[in-house]
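K.L.:
Here is how the chains run, residue by residue.
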Amino acid sequence: MFRLILARLGQHLFVLWAAVTLNFALPRLMPGNPLALLAGEDVASLTTIQREALMATVGLDRPWPEQYGRYLERLLVGDFGYSYQRNKPVIEILLSRLPWTLLLAGTGQILATLVGLGLGALAAQQAGRAGDMTLLGLAVFFESLPAFWVGMLLIAVLAVQVPLFPTFGAVSPWEREVGLALALDVAHHLALPLLTLVMVSFSGTFLVARSALLTVLGEPFVVAAHAKGLSKRQVLFRHVFRNALLPVVTVFALNLAHAFGGATVIETVFSYPGIGRLIYEAVLNRDYPVLQGAFFMITVIIIVANIAVDALYPWLDPRVRQAAMQAEGAA
Amino acid sequence: MRPGRLTTPNVAGLVLLAALALLALAAEWVAPYDPAERTGAPFEKPGPAHWLGTNDIGQDILSEVIFGARISLQIGVLAAALSVALGTTVGLLAGFFRGALGVVLMRLVDMVLVIPFAPLMILLAAYLGQSVWNLIVVIGLVTWARPARVIRAQVLTLTGQEFVLAARALGAGPLRIIATHIFPGIASLAMAQFVLAASSAILVEAGLSFLGLGDPTQKSWGTILFYAQARNAFLSGAWVWWVLPPGLMITASVLAFALVGHSPHPSAART
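Going line by line, the protein sequences match chains A and B. Numbering of the first sequence is given in numbering that gives the first Met the number 0, commencing with residue 0 and proceeding in unit increments. Numbering of the second sequence is given in numbering that gives the first Met the number 0, commencing with residue 0 and proceeding in unit increments.
Just so you know, these hints were derived from the structure itself, not from any lab. Only a predicted model underlies this, so the values are computations on that prediction, with no experimental measurement involved. Cβ atoms here follow ideal geometry from the backbone N, Cα and C, with glycine treated the same way. If a hint is listed, it holds; no wrong ones were tucked in.
Chain B stretches covered by chain A per the calculated footprint, using a threshold of three residues with CB under 8 angstroms from any CB of chain A:
#	region
1	110–122
2	200–206
3	209–220
4	249–257
Input sequences plus hints: build the corresponding full structure.
P.N.:
Below, the structure written as structure tokens:
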């Protein structure tokens, strides 16, 4: 099992290396002034000293392998580059925004999974009948909605026409709340962005959960569980859900990338101070170091989530555990 | 997606798609104005001269939405074509040559599937600059891995079949086998993948354009919404005529392609 985890870890590190190398190569391969592509469009307004310092750290006049070596060295000590527009190291900017995105994308992803699982169970119970068809149709419809548009409509209706929710931000400005009041304020600001994210991202889990449940419901052990007199609830939670969980966990990791993509446009609409809004601002200002840093950081988060899911598999499914043991024995 | 076995959702999708395609093709005749020209005062409300009002610089929003069909559908369809062409090529090669080449290609596919596509596309589009063709290339280059995986699975099944073994025994070369025996077996699957890819490419294009990566001289629906957002249209009554229509068009297009590609076994089409 240890060997299996190591092999998967190797794959993940490979992805990380690819992302890093892409970040290194892109500004150097693209047409245009490489210094501008490395430092952002503001490069013209840099002082001579800043420009020389930049040239020295990036080493644009040195051969490629040496530049690459320096690039990796700087990454290893947490140097993601410098945003001249914000006058701050990129890592500092990213870390200050990260908690908000983790809050939005994380809770959004968990809620979307729960909603998808619940609706999937509802649909699977009445497979082929009107309720199931309606849910399937709704899932296709919600999957077709542009996330940012849903957000704009929710603001127009639930924050402007009927002012139930704030129109922007993550906390109320000018008020310094603490404790419970702060938590309530954060939740109040989170509600609409979260609703948007759940609306546009539950259908993936729904479809997978529905078909997984349908497969499991037809298995002989479910019939046996019913036959030995277990209640419907017991069969559902002890026998059916547990077996249908594996594909749902798999899409959880896959959908996380979608959640970050969705969060980017949703944060933009709601002026939510996370990495997504930062990406939007960086696009408008052509602040390339920030865009590169955001890409790298989200890749790292996705990979960590994948590793966590990998570690969860054997615990969730004894079959995976056994297969891994056997592979170990054979090797 | 076998012809002659169209389901009700398939037909509904085809009708919707035909209507949208017609609108895009006939934009010159249907639209009341040239969307690039300033034909009214800024921020006009809907009236007889401008049914959907005007935007912040006095361009007719209805004309923008009609011409937007052309840009949005064009990017969606061409990006999907690029994505599926790349995916089919990789899938064919990886499925047919199962040696080192196949292993390397599948590693690549797995890698591309894990890399978060949204920030990567944003980064690429920002570097390449705002143009319709750049968006097509960026979306196509980042989304080919899923079709590649599906096509490869089908190629693996096909290469194990007797008629392929027979062709091999008769001395047919790999190119001939791929062209005459394998390709016909994956064509309809590739077509289904194309329809699904077009559906998601339109959505992805809308998102990228909404973030300001669209071509400001050739506005797609996403670009219209970028300007609506930048001018806070959703904070005033303007959302009804400036935000609602382009979003409805995006939803209708994405839905139309999704319905055309809809198979009675939803899980089979997705993996």
